[in-house]
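A.B. asks: Based on the hints, put chain F in the right spot on chain B.
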Amino acid sequence: MASSTQKPQSENYADDPINSSLSKDEKISLLRDMVRIRRFEQEALRQYQQANAIGGFLHVYIGQESVAVGTISLLGDDDHVITAYRDHGHALAVGMNMNECMAELFGKATGCSKGKGGSMHYFAPDKNYWGGHGIVGGQTPLGAGIAFALKYNDKKGCCLCYLGDGAINQGAYHEALNLASLWDLPVIYIIENNGYSMGTSQARSSAHPEEGLAARAEGYNMDWEQINGVSIYEIRARVKEHIDRAHEKSRPAILEIMTYRHKGHSIADANAEKYRTKEEIQEYMVKHDPIEFFKKALIDEGVITEDDYKTLNKEAGKEAADSAEFAHNSPFPDESEIFDDIYWEVDNNTEAGRTGRHFFHG
Amino acid sequence: MPREIPYREALREGLDEELANDDNVVLIGEEVAQYNGAYKVTEGLWKKWGDKRIIDAPISEAGFIGMGIGASMLGVRPVMELMFYSFAYVAFDQMMNNAATVRYMSGGLINCPIVVRGPANGGTNVGATHSHTPENIFANMPGLKVVCPSDGYDAKGLIKSAIRDNDPVYFMESTVLYGAKCSVPSNDELEDGELIIPIGKAKVKKEGADVSLIAHGRAVLTSLAAAEILSEKHNIDAEVVDLRSIRPLDETTVLQSVRKTHRAVYIEENKPFCGVGAQISSMLMEQAFDDLDAPVLRITSADAPAFYSPPIEKMQLPTPEEIVERTLSIC
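Keeping their order, the protein sequence lines are chains B and F. Its first residue numbered 1, the first sequence is counted upward by one per residue in the working numbering. Its first residue numbered 363, the second sequence is counted upward by one per residue in the working numbering.
If you're looking for bench data, these hints aren't it; they were derived computationally from the structure. Some hints here could point you the wrong way.
Taking lysine to aspartate or glutamate pairs in the DMTMM-like style, the calculated list, with each CA pair at most 20 Å apart, reads [as the list claims (entries may be wrong)]: (1) B:Lys155 to F:Asp385; (2) B:Lys155 to F:Asp413; (3) F:Lys410 to F:Glu393.
Listing some non-contacts, in silico: residues in chain F with all C-beta distances to chain B over 12 Å [said to hold, decoys possible]: (4) Glu405; (5) Phe426; (6) Glu648.
The beta carbon of each residue, even a glycine, is placed where N, CA and C say it ideally should be.
In isolation and in its complexed conformation, chain B is listed as follows:
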């Protein structure tokens, strides 16, 4: 049966077994992963705005880091991830390195997609990471398909399929929800609710039950939950049971994780401080920042000191700066690359790839 569990905000999620079982190093690693994402994107913004090294869109995840790091930290070997265009955080969280990610932003041959995808299209199938998708909501049927493949192959895994609050009104998402529930597919849709679909607030874009966006799951007989995304402990504690259910019962769920993006929708969002008040942004940056929140928690627990944090932050900043240098020093793709990676059969020079004309330019 569909259900929602509302745990009180005051609950100490640090004591949840999924968190209390973490070693000191593992806790520091969670913090480091969040800081690395932030420093990577701060560097990317700098490279975009000051060095003019990056083209097109750049949708940064700053303020939402706890969502990707918290949820992905719960995954095992047969669990998979797919997301939308705000994808840098998930990419680094699954273990992609800064060099390949930064070089992709620069459109360099050393980028994770050889410079063919850009910011919105990172992929790493070897890390069970299936993108990086540019069309709002377009990845949601793919997420169901990944779950279908896991079930088809008798794998005890699940697919975390992320989407923004603006994506929940796309038809493809609703079709995917129906299939996921109808066919018992182990896919967990994670709505990263940052309150705005580009410049349009949630109130102006989505009709939904009082309990929230995820509550639409009731209509598909799916489990759902709304989670405060500020605390990575809370995310881990409350998402875990849904992953377990997906593994054990092959059932989907919708989780709505409340979060906030400090920056605009994309770098091109000139109105980022017009559709939201400066006070609102400031409030989230100061009082509800997931990195500050977790840093304080770890200092309070005695896991780290303020100095440890400074060192960690500095290291992440250096790693990001180094990745920008790597990207600057990397070559652009060769023009001959234009016709690679279109057809598998052509790339692999098979008989099928050699039969008939595949390309019609010139």
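C.D. replies: Chain F alone, transformed into the frame defined by chain B:
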């Protein structure tokens, strides 16, 4: 005496053989399982292969086609049925953005071995929404393959190749042809033990010396009928070439034919604007200009949405008489 079976049965044999050949092959679509297929192409397959391999989908093309694309990225080989290829437009984002570009955008890390098949034809009085012929639209997109078999023999051989292909193949059939019988050898009559036709090879259906009638899909049959009239009544020996696949395209066979006959007519049930014939005539212009003794003609469906009224819709599609008349104008 070679056996003759209907197009749908030949297609079914191809699907059945590939289900046996590879455990990753799974058939998904509206009414493909318990209903036995809206056009009985998949009749009996659910009973034989069961729920895991033959799956009835809800009416939800964007959802289930997208789901198939996602599953194919992990190595499942879904063969998705669209009850009408017109419904591809409901799944357009998935078919164009996800299936066609994920390999490129991932720098070659991912591929989509998916087949999306179903009838893409007009002429059945179902109105414009159910009569689309999107072969030119999908063939426009690098990363996709488009196959249009005109008879059961090709349908069987090509569907098997499509399923084994590691790229997305959009396989367009015709409701008008499902009942058409042709000679399809059984596997024990074949040297290789199975009928496989490579994608990207055209077929000369009838040899001739005076003019090349080049076509795909059901227009091949119309062209063959026209060739007969041209021969009997006008003493013109037409060659008929069936492209079989639109992309990849067998330009060599088309060029060989035109270099022999020096005249070319492209016939299709697709619309004229940027249709397949436009691509072929451009290709002939560039590569066979000196071989041509007359302009390349294109005969297409009328440049209008499909008319419901049965006698009028008939007039929208190429007929043997129209082909004869237009061909005579250049011979």
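A.B. asks: Would you list, in rising numerical order, the hints stated earlier that this structure does not obey?
C.D. replies: 5, 6
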